[in-house]
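Chain order of the listed sequences is F and R.
FYI, the numbering used here numbers position 84 of the first sequence as 117, with every residue one higher than the one before it.
FYI, the numbering used here numbers position 97 of the second sequence as 130, with every residue one higher than the one before it.
Think of the hints as simulated: they come from the structure by calculation, not from any bench.
Hints should not be assumed to be uniformly reliable.
The list makes no distinction among identical chains, and a pair is therefore deemed to hold if it is satisfied within one copy or across any two copies.
Below, computed lysine-lysine pairings styled on DSS-like, alpha-carbon distance capped at 30 Å [claimed, not checked]:
1. K44 <-> K58
2. K190 <-> K78
3. K58 <-> K190
4. K156 <-> K56
5. K91 <-> K44
6. K91 <-> K53
7. K163 <-> K190
8. K37 <-> K58
9. K156 <-> K52
10. K52 <-> K91
11. K91 <-> K156
12. K156 <-> K37
There are 2 protein chains.
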Amino acid sequence: MELKQVLLSRKSCRSYTEKKVEKEKLEAVITAGSLAPLGLPMDGKPHLTVVTDPAMLKTLNGLFGPEREVIYNAPALILVSCPSSAPGIPEMNSACVVEMMSLMATDLGLGNIYLYGVCAGVKQNPELLKALAIPEGYAPFSALALGYGSEGVAPCKEFVPTLTRNDI
Amino acid sequence: MELKQVLLSRKSCRSYTEKKVEKEKLEAVITAGSLAPLGLPMDGKPHLTVVTDPAMLKTLNGLFGPEREVIYNAPALILVSCPSSAPGIPEMNSACVVEMMSLMATDLGLGNIYLYGVCAGVKQNPELLKALAIPEGYAPFSALALGYGSEGVAPCKEFVPTLTRNDI
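Required output: the full structure, derived from the provided sequences and hints.
Shown next, in the form of structure tokens:
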């Protein structure tokens, strides 16, 4: 799709079908993450953990108890982990990686949603950090859940500014 | 452009011509920022400060002394300010807004670069915060400098994964 169509079609998808994400699509999404701008890359680039194992996905989905579906039962999750760096850098770098992946997923017809709660939960859980093989010295900051959304992907927004602004 | 072409063409532009950004292009870039996903929007959405005044741009460019050109003499700068929220949210939200704007700028043939140093400098300077009319309770976290890059915009990367990963 043209960029503008992708931007107008991207939305946070909170309901997924059981259909798995094809390997080629998952690889394209992951590759798009490599095209993000990074601040202070000399401190170490982000690391991706690609989760498609049903048992692990179920564990992560129930991370905060049975009543809250943390990853919306999505069939795939990509955790973006970063090393220590200047304040705010891991958050900003991981956000940029997730956004590149989110737009590529949208372009490929995949529902997706930017998540940070699941990262906060994993970060505080040494057993999960180990089970997910997050590299030593790294912690997850942002994540993308993805799969086939129950509602499909189509332009759903208008190209109008909605943020407040001032001009100098 | 197709999304993939935009992703492959986006790069951090550190040299600009003196040509100003047309109003329509600037508006399109700003509008793209409205299409970013936001965490905890109930705490307050990001606010944009669009700087094209030559005197203010010069002040910001020299924020850290005459030897470091903080905004690379770009003819336009968009500061993304956020209110207080949960830890990391202002950084992640502002990053998402900047990335949407960065890709739209790239699509429109504009060189651009994601900046955070200028925000850190402004944040610590009460006079500048006032001169920039940053809303009370808000602070700038991320910014996009933009203009016509000396090298133009064209695909400059390969679609190959460069981040480390593991699969679960």
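K44 and K58: within-copy, between-copy, both or neither at 30 Å Cα: For K44 and K58, both the intra-copy (18 Å) and inter-copy (24 Å) Cα distances are at most 30 Å.
Copy assignment of K58 with K190, given that the CA separation must stay at most 30 Å: For K58 and K190, the Cα distance is within 30 Å both inside one copy (24 Å) and across copies (19 Å).
Homomeric proximity label, K156 with K37: Cα distance no greater than 30 Å: neither (35 Å within a copy, 32 Å between copies)
Alpha-carbon proximity between K91 and K156, which holds within one copy, between copies, both or neither at 30 Å: within (17 Å within a copy, 42 Å between copies)
Status of K53 relative to K91 across identical chains (alpha carbons, at most 30 Å): For K91 and K53, only the intra-copy Cα distance (14 Å) is at most 30 Å; the inter-copy one is 52 Å.
K52 and K91: within-copy, between-copy, both or neither at 30 Å Cα: within (15 Å within a copy, 54 Å between copies)
Within, between, both or neither, where K156 and K52 count as close if Cα-Cα is 30 Å or less: Answer is within; shortest intra-copy Cα gap is 29 Å, inter-copy 47 Å.
K156 and K56: within-copy, between-copy, both or neither at 30 Å Cα: within (27 Å within a copy, 44 Å between copies)
Status of K44 relative to K91 across identical chains (alpha carbons, at most 30 Å): This pair counts as within: shortest intra-copy Cα distance 23 Å, inter-copy 38 Å.
K37 and K58: within-copy, between-copy, both or neither at 30 Å Cα: both (21 Å within a copy, 13 Å between copies)
Homomeric proximity label, K190 with K78: Cα distance no greater than 30 Å: between (33 Å within a copy, 17 Å between copies)
Intra- versus inter-subunit Cα pairing at 30 Å for K163 with K190: neither (40 Å within a copy, 34 Å between copies)
Violated hints for the displayed structure, listed by number in ascending order: 7 and 12.
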